[in-house]
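Here is what each chain is made of, one letter per residue.
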Amino acid sequence: MSTDLNHAPSEFSPPEETREEVDIQRMHGPILREQAEPREGFEPINPAFTIAFGVIVFVSGYYLATYSGDFRGDVYNENRAEGSADQSPKPVDPLVLGQRLFNGKCAACHQPDGKGRPGQFPPLAQSEWLLGPPEIPVRILLLGLQGDVTVAGEHFNGNMPAFGEQLKDEQIAAVLSYVRQEWGNQAEAIGAELVADLRKSVQRKQPWTAVELKAASK
Amino acid sequence: MFSMQRGLAIFVGITFTFATGWVGLIVIPHLQLGELAAQSEEGTTEVYPRPLQGLAAQGRAVYISEGCLYCHSQQVRAEGYGTDIARGWGDRRTVPRDYLFENPILLGSMRTGPDLANIGARQTDETWHLLHLYNPVITSPGSIMPPFDYLFETRRIVGERAYDALPLKDDWAPAAGFEIVPSDRAKALVAYLKAQNRTFPLKEAGR
Amino acid sequence: MNERELVALERARIDESARGPVLFFFATALFWLLAGTVLALAASLKLHTPGFLAGHDWLTFGRVRPAHVNAVVYGWASLTGFAVIVWLMARLSWAEVRYPSLLVAAGILWNVGVVLGTVAILAGQGTSVEYLEYPIYVPPILVAGYALVAVWSIVIFRDRREKEVYVSQWYLLGAMFWLPWLYITANLLLFWFPVAGVVQGSVLWWFGHNVMGLWFSPLALATVYYLIPKVIGRPIYSYYLGIIGFWSLALFYVWLGAHHLVGGPFPAWLITAGIVGSLMMFIPVGATAINHHMTMIGHFGKLKYSPTLRFVVFGAMSYTAVSVQGSLEALRDVNLVTKFTHYTVGHSHLGMYAFYTMTMFGAMYYIVPRLTGWEWASARLIRWHFWSTAIGIAIYVALFTWGGWYQGVMLHQPDSQGKPVPFMQVVEYTRPYLIGRSVAGGLIAVGHLAFTVLFVLNLMRRGTRRAGPTLFHEEPAPVASQPELAASSV
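Chains as they are written, first to last, in our numbering: chain B, 1 to 218; chain L, 219 to 425; chain S, 426 to 915.
These are computed hints drawn from the structure, not numbers from a lab.
Given the structure is predicted, the values throughout are model-derived calculations rather than measurements.
Think of the CB as a built atom: it goes at the ideal place given N, C-alpha and C, for glycine as much as any other residue.
Misleading hints may appear alongside valid ones.
[Claimed, not checked] Which stretches of chain B does chain S cover? Using the computed rule of at least three CB atoms under 8 Å from a CB of chain S, they are:
| no. | segment |
| --- | --- |
| 1 | 29-38 |
| 2 | 43-56 |
| 3 | 65-75 |
[Unchecked claim] Straight-line distance between alpha carbons at most 16 Å, and here's what the computed EDC-like set of lysine to aspartate or glutamate pairs gives:
| no. | chain 1 | residue 1 | chain 2 | residue 2 |
| --- | --- | --- | --- | --- |
| 4 | L | LYS421 | L | GLU320 |
| 5 | S | LYS844 | B | GLU43 |
| 6 | S | LYS727 | B | ASP113 |
| 7 | S | LYS844 | L | GLU297 |
| 8 | S | LYS844 | B | ASP113 |
Turn these sequences into a full structure, and let the hints steer you where they fit.
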């Protein structure tokens, strides 16, 4: 299809007189050498494109029908089998629960590798306070631990917050059981009953100090 | 001469096509979710969620003004879809009811830093938050979060140390005779962060 | 005068009428490009070196980043968009711009809004609503400025002497119609009469993504559809593909916003609708890509010479790339990895920079000499501009696509033992990519400086007067006392 170089538009008529305000010398250079204004050609659409179009529509339609949870406003999970609004909670393996709790609430200070930070946060790996009698770590979690303490030969003086309010007995048992078998630790798991007992029996409200804790566990 | 057919055809077409998406993404969600209300736990007087109040509400304005959203999200994805729950960022996914009273919502779109939807449930220690804001590297070595030291004031110690002076050690400690104290904005921000807790059990979230 | 010269004269009259506003839009747009580049470099450096310029609240990353985004979106991109709307509409309608000084007033209003907004964000008044960070008193100013531009452009269309409505004009009319609906609705439903809770999220991303696809993309596509056939002197391959491309874009793009909500607290059907819309985008993007490619067949050699063509074709190819990437990114299994990572930042720059900005550079290379009557001063600076920005953005996108993907894998998928990778490890992993992005950004900034020099020299009409276009490899000889008017292409 030929293109005339400077096709004029359908309703164009030349001006009656040349306009002086246009600097012809200035404008002519870039504008004169221009091609015509763009126009469309009329090549037909390749059938392959139409087929691709159809395939995309089909795939999209299938996806839309399958993963929309019946278009309900209270279904957030797109998988139909689990999509109903009143699904009952699935039980979680205590070690997995413990790991999640540790990752969320403890790792920020005690670090994901359990090594803590020198001078600041005590390690949990090979910590005698964690791996000894189970009452000690349970007490620490219930009420917190403050002041001087020596862990694995290193000295710390800080403040471990209490978790007794925000964690239930099963959760305390789960997270302690988890850390007592991570990073080379080998101590037995702790049961929720022990936590419940200690919670009931201990009357104090303030955080423990290391000295008090040792005394209470004799 | 205004060609009625061509211009009008385009106008009608783009109005109609645009309206379909407008209905789908705005009108229908508004109809479906606009009537959501707070929920109470059976047998208790606890209502969830609650609008933020007091210092926490002020802290929200600080969160917005400092642009925390550009590095932190506030949404927990479902179990098995990502590692949000495995990381302890929540014990269940978040659902529309969790954000009922938020205006604007701060869901976020980047996780240059961790998700904060439940930061109040996993980090309750106010001193940790203040130290972290003052200079994140103190509590979290390797962090690329910027220091917010301008939310704190350096003051000469007069008499006793202030009760909320930061326990800074070694290189971080201020010059002798000085202490670093959180401003009201810092305290408000920490109150807001501690209020981020979406662990209340909700049936529609599967818990 | 022969007919050819009369037509050129008429074209010159149209350009003359558009000259003031279009040059004003381009000049202020370039200012915002530079401001946005400075803010971008600061933000990028802060991310891997958090101590950089730290300690000042107005320079904190959380303010610098949205200041950058808004400066380039509402400053650079929208102002070049206005320029292109006015000039293309006038050219394609064969109608002059009436009362151009009103358009300049519109531009002033718009710039005032962007200045106020930028300062407000740095001062801590940002809203933390993405792409709508300007405080509540700024949008009315922007709407007023925009209304003038839109109304004036529709008047040009109404006055048209060319009956045929070319494909570029459909896109321009679409863009002008869609933007006010988007912007005003979003402002009303998020700030003035806020909808409840997560519905805000849907409104926000309906707005945010449609600004890309129904404001910026149509403007850039209109430019591509005009400049490719114009420069090479051939018609567009197929009118029918153009029709399909336009109407399927109009129908499907509106749904894409919901693909920002994948995994979030939203009904499953809404998210699925967003994903489906994203998949359907293969149709308009495919149609447009075929149309552009088949038009260019046999003329790729011209890319060696013409700056306009090279920038525009770079942009058009980036459109296909970013759209394919985006359609795949929307799939739940892909989104699981990429969401919240730097991958999405790479994607957005592939769209707003490699596609939109490079296309607008091409437009400026073509349009500005026609308005000033002066050719570009230096082929070397043009080469610097092209290669710095092209290589810079290629590095940027490559780094963040690759690094962002693995960041996502570490962040969102359990390791070989089924445990999540510690967060600090993920941060450490991204650090070299963040540094690389600063380097790429520096390269891009060099290109911007080169272009700024060229632009200023052209406006000031410095250098020798040339008798032909400045191409990549040759600079035409200076004009003799009796200028010979070249009749060649480009």
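Checked hints:
1. 29-38: Coverage by chain S holds for the segment 29-38 of chain B (10 residues, Cβ < 8 Å).
2. 43-56: holds (count 8)
3. 65-75: holds (count 9)
4. LYS421/L with GLU320/L: Violated, at about 21 Å.
5. LYS844/S with GLU43/B: Distance ~57 Å between LYS844/S and GLU43/B Cα, so the pair is violated.
6. LYS727/S with ASP113/B: violated (60 Å)
7. LYS844/S with GLU297/L: holds (14 Å)
8. LYS844/S with ASP113/B: This hinted pair holds, its Cα atoms lying about 12 Å apart.
Hint check: violations occur at hints 4, 5 and 6; the rest are consistent with the structure.
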